[in-house]
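**Student:** Each chain, letter by letter, is given below.
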Amino acid sequence: MSLVEIKGVTKTYQLGKTEVSALRGVDLTLERGEFTVVMGPSGSGKTTLLNIIGCLDNATSGSYKLDGEEVGTRDFNDLAEIRNRKIGFIFQSFNLIPVLNVIENIEFPCLIRGENKKELRERVQQVARDVGLDPFLKHKPDELSGGQRQRVAIARALVTQPQLVLADEPTANLDSVTSDQIIDLMLHLNREKGVTFLFSTHDPRVMQHARRVVRIQDGVMVDGSGSAQVEVDRLNAAQHG
Amino acid sequence: MLQDKEHDMTLIRLAFRNIFRNKARSSLTMGAIGFGVLMTLLLGSFILGLGSAMIDDTILGRIGALQVHKKGYDEVKDSQPLDYDLPADPALMAQIARIAGVRAVAPRLVFSGLISNGSQSTMMLAMGVDPKAEYQVLTTAKDFLQGKAVTEESKNGALIGKDLADALELKLGGAGSLQAATKAGQQNALDLELVGTTDNGNAFESKRQLFVPLAYAQELLGMPGRLTEIVVGVTDRDEVEAVAARVRQALGPTYEVQTWAQLRPNVQDVVDFQKMVLGAICLVFLVIAIIGVVNTMLMSVMERTREIGTMMAVGVKRRSISLMFLLEAVAMSALGGGLAMTVALIAIRTIAARGGIPANAPGSTAVYHIVPITPVGLIVPTLVATLLGTALAGVYPAIRASRLRPVEALRAT
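Chains as they are written, first to last, in numbering that gives the first Met the number 0: chain A, 0 to 240; chain B, 0 to 412.
Don't read these hints as lab results, they were simulated from the structure. Among the clues, some could well be false.
[What the hints assert, rightly or not] Cut-off 30 Å, straight-line C-alpha distance, at most; resulting in silico cross-link-like pairs (BS3-like, lysine-lysine):
id: 1; chain 1: A; residue 1: 139; chain 2: A; residue 2: 64
id: 2; chain 1: A; residue 1: 116; chain 2: A; residue 2: 85
id: 3; chain 1: B; residue 1: 154; chain 2: B; residue 2: 76
id: 4; chain 1: B; residue 1: 170; chain 2: B; residue 2: 154
id: 5; chain 1: B; residue 1: 22; chain 2: B; residue 2: 4
id: 6; chain 1: B; residue 1: 4; chain 2: B; residue 2: 76
id: 7; chain 1: A; residue 1: 64; chain 2: A; residue 2: 6
id: 8; chain 1: B; residue 1: 170; chain 2: B; residue 2: 206
id: 9; chain 1: B; residue 1: 22; chain 2: A; residue 2: 116
id: 10; chain 1: B; residue 1: 22; chain 2: A; residue 2: 137
id: 11; chain 1: B; residue 1: 22; chain 2: A; residue 2: 139
id: 12; chain 1: B; residue 1: 182; chain 2: B; residue 2: 206
id: 13; chain 1: B; residue 1: 170; chain 2: B; residue 2: 69
id: 14; chain 1: A; residue 1: 85; chain 2: A; residue 2: 16
id: 15; chain 1: A; residue 1: 116; chain 2: B; residue 2: 4
id: 16; chain 1: B; residue 1: 69; chain 2: B; residue 2: 22
id: 17; chain 1: B; residue 1: 182; chain 2: B; residue 2: 131
id: 18; chain 1: B; residue 1: 22; chain 2: B; residue 2: 76
id: 19; chain 1: A; residue 1: 117; chain 2: A; residue 2: 192
id: 20; chain 1: A; residue 1: 139; chain 2: B; residue 2: 4
id: 21; chain 1: B; residue 1: 4; chain 2: A; residue 2: 117
id: 22; chain 1: A; residue 1: 137; chain 2: B; residue 2: 4
id: 23; chain 1: B; residue 1: 69; chain 2: B; residue 2: 4
id: 24; chain 1: B; residue 1: 4; chain 2: A; residue 2: 85
The structure displayed is predicted, hence computed values, not measured ones.
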C-alpha cells in the first residue's frame, strides 16, 4: 500500500468572478521512505498540491488516500487530527511560535494531542539531539539563527513520528552553508530513520539528493518519475544561460 | 471545551505568554479593565458610604430608627396631631427599652405654632424633648450645634434652626416667645430664651425647626404628662425591621410603629437612586473595558494570523484556537481586574481609617464625613461582570481566529 495515492485531483479557486484552476487532474503516488521533490515554476500548482497532500486544503475533485485511508472528504477537525498524527510540516519561514522556547516548540504538537509532558520529555530531547539543538533548548526563536530555527521546525515535524514530512522551500531563507547542513540533516533522517520527505523547492542542492523529482506545470503533472540528476542538469542549464 | 490536562495547560501557558508579548498594548487594555474595576469599587464604596451616612444621619441625628405613635397618628399628624397623644408613662418607655435590639427610647411632644421675636413672628415646627433621653437616641444630633443643647435645667431654653434664628434676628441668649393652640383649642404663649442654634444641612429643618424641653411643651399645649411620639434607637441598623416587628408585637394594636424608611421614604429613594446611578456608571466602565479587549484581541488575531495557521497545521483544532483567545481575554481581565481590586480595597481601607472625606451639603455649612464602605456586595458582581464581559468581548475575535482557513492563514505576512 502506497503512503500517498492521488488520482485525478483538481483544485479550483474563485477569485472574484474568475475561476482559477490550480490543479487540473493530478495523479501522484508516494511510497514510504521516499525523498521526493516537487518542482515547477511559480503558480504551477506545487504549493496547492502540497497543501492538499498536507490536509491543509481539500481538493475540488479527485481522490486522495493517505496511508490507505480516503482523506479528501474529511472535515476540519478530522484533518487536524490527521495532520497531527501522520504529517509533519517544515515551512520556508520556519513558523515557530515566538512565545515558546525550543523545547516547548518541539513538544507543542504532542502536548495538544494530550501526550504526557514527562513521558514526552525524553523523546523531545532525543529529537532535539538528532537535529543538533542540544545547547539551545531553553532559547526562544528570536535568540536563534535561521538554520537553528529550521532545525527546531524539523524537530517539531519529527517529534510526532509522522509518516510523511512536507517541506515547502525549506532552504529558501537560509545561506548556502546552512542549507547544506539542513539538507544533510533531512537526508540523514530519511536514510537512518526512514522518514518520508516530500519537498517543494527550486534549490538544486535539494534536488541533487532527491531520489525522485516530479514536475508540475499549469496544474498538470508533466513528469512524475523524473531522475533527479536530469532535473538538476536542466535547472543548472536554465540558470546559467 | 477543555480536553485533557496537557492540552489545556499548553493553551493556558500560551494564553498567558501571549498577553505579555505586546506589553504596551496589553498594559493599556488591562489598564482600561483595571480602571473600570477600580472606579466601580471606589465609587461604589463612596456611594455606599454616602447612603450609609444619610441613613445614619436620619436615624442618629433626626428621627431615630423607629417611632411609636398612637394608632391613627400618621393620618392626622399634619392637621390634628395632638388628638392622638400618648401617656408619658415610664412603664411604657421601660417596656420598649427592654425589647431585644432596642438601644434607647425618648419621648417627644411634636407641635406647630408661631415663634416671635417681639416684632416679627413666623411658623415653626417644635419638638418638646427630654434632653437626656433624646440625645441617647439621637447620638449625633449635637454635632451641628452652636451654643448649648436643650437641657432640663433651662426650663424655657430653646434650640432653634439656624436660618430660623437668623430670620428672626435672634442671638444666643436672646428672648422670644412661642405661641400655639392647646389641645383644647385655645391659643397660648410662653417666653423662650435662645440657648443654641443648629444647622444639619436640611434647609427645611434649619428654617422651621425648634426644640424645647418636654415640660415646656406640655405646659404650652396644656398637656401635662402627655406626649405624641416615642423615638426609638436600635443597636443594629440592619435589624430595624426585626426590632420594629418585636415592638409592634409587644405594644399591640393600640400603637403604630414605623421605621425610619417608612417615615422618610425619600431617604431610601435617594439611596436606591444612588445605587442605580452606580450601576449605570459600572455599565459604562464595563463597555469601555469590553471595547478595549475586543480591539486588542482583534489586533492580536491579525498579527498572529500565520501563527494561527501554523498551529492549525500541526493539528490544533478550531475550538482550541477559540479557547486560547478566550483565555487570553479572560486572563487579561483577571490580571487587570485583580490588581485594581487590590488597589481599590487598600485605598478604601486607608481613606476609611483616616475618617473619610469631608463634604458639605449644598448651601449648608454642616460638614459630613463620607466614610467609604468596602463594597462587599459589589466585589463579586464587579469581577464576575468584568470576567464575563471580557470573555464575551473575546468571543468574536476568538471565533474569527478559529474560522481562518489554514492555507490562507499560513500565507499571511
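**Student:** Each hint needs a verdict: does it hold in this structure or not?
**Tutor:** Each hint, compared with the structure:
1. Between residue 139 of chain A and residue 64 of chain A the alpha-carbon distance is near 37 Å, which puts this suggested pair outside the 30 Å criterion.
2. Restraint check for residue 116 of chain A and residue 85 of chain A: the C-alpha separation of about 20 Å stays at or below 30 Å, so the hint holds.
3. Under the criterion of a C-alpha separation no larger than 30 Å, the hint pairing residue 154 of chain B with residue 76 of chain B is consistent with the structure, at around 26 Å.
4. With a CA separation close to 18 Å, the supplied pair residue 170 of chain B and residue 154 of chain B stays within the 30 Å bound.
5. About 28 Å separates the Cα atoms of residue 22 of chain B and residue 4 of chain B, which keeps this hinted pair within 30 Å; it holds.
6. Restraint check for residue 4 of chain B and residue 76 of chain B: not satisfied, since their Cα atoms lie roughly 72 Å apart, outside the 30 Å limit.
7. A hinted pair counts as satisfied when its Cα atoms are at most 30 Å apart, and residue 64 of chain A with residue 6 of chain A qualifies at roughly 9 Å.
8. Between residue 170 of chain B and residue 206 of chain B the alpha-carbon distance is near 15 Å, which keeps this suggested pair within the 30 Å criterion.
9. As the CA atoms of residue 22 of chain B and residue 116 of chain A are separated by approximately 29 Å, the hinted pair is consistent with the 30 Å bound.
10. Distance check on the hinted pair: residue 22 of chain B and residue 137 of chain A sit about 22 Å apart at the alpha-carbon level, within 30 Å; holds.
11. Straight-line distance between C-alpha atoms of residue 22 of chain B and residue 139 of chain A comes to about 17 Å, which keeps the hinted pair within the 30 Å bound.
12. Among the hinted pairs, residue 182 of chain B with residue 206 of chain B is consistent with the structure: their alpha-carbon atoms are about 25 Å apart, no more than 30 Å.
13. Under the criterion of a C-alpha separation no larger than 30 Å, the hint pairing residue 170 of chain B with residue 69 of chain B is inconsistent with the structure, at around 37 Å.
14. For the hint pairing residue 85 of chain A with residue 16 of chain A, the CA-to-CA distance comes to about 36 Å; that exceeds 30 Å, so the pair is violated.
15. A hinted pair counts as satisfied when its Cα atoms are at most 30 Å apart, and residue 116 of chain A with residue 4 of chain B qualifies at roughly 10 Å.
16. Between residue 69 of chain B and residue 22 of chain B, the direct Cα distance comes to roughly 70 Å. Violation of the 30 Å bound is thereby established for this hinted pair.
17. Using a Cα cut-off of 30 Å, the hinted pair residue 182 of chain B and residue 131 of chain B holds, with the two alpha carbons roughly 26 Å apart.
18. Annotation: proposed proximity of residue 22 of chain B to residue 76 of chain B is violated, straight-line Cα distance about 67 Å (limit 30 Å).
19. For the proposed pair residue 117 of chain A and residue 192 of chain A, the alpha carbon gap of about 24 Å is at most 30 Å, so the pair holds.
20. Restraint check for residue 139 of chain A and residue 4 of chain B: satisfied, since their Cα atoms lie roughly 24 Å apart, inside the 30 Å limit.
21. Distance restraint check for residue 4 of chain B and residue 117 of chain A: the Cα-Cα separation of roughly 12 Å lies within the 30 Å cut-off, and the hinted pair is therefore satisfied.
22. Proposed proximity of residue 137 of chain A and residue 4 of chain B is supported: the alpha carbons are some 23 Å apart, at most 30 Å.
23. About 71 Å separates the Cα atoms of residue 69 of chain B and residue 4 of chain B, which puts this hinted pair outside 30 Å; it is violated.
24. Using a Cα cut-off of 30 Å, the hinted pair residue 4 of chain B and residue 85 of chain A holds, with the two alpha carbons roughly 23 Å apart.
Violation of the numbered hints given earlier is confined to hints 1, 6, 13, 14, 16, 18, 23; the remaining hints are satisfied by the structure.
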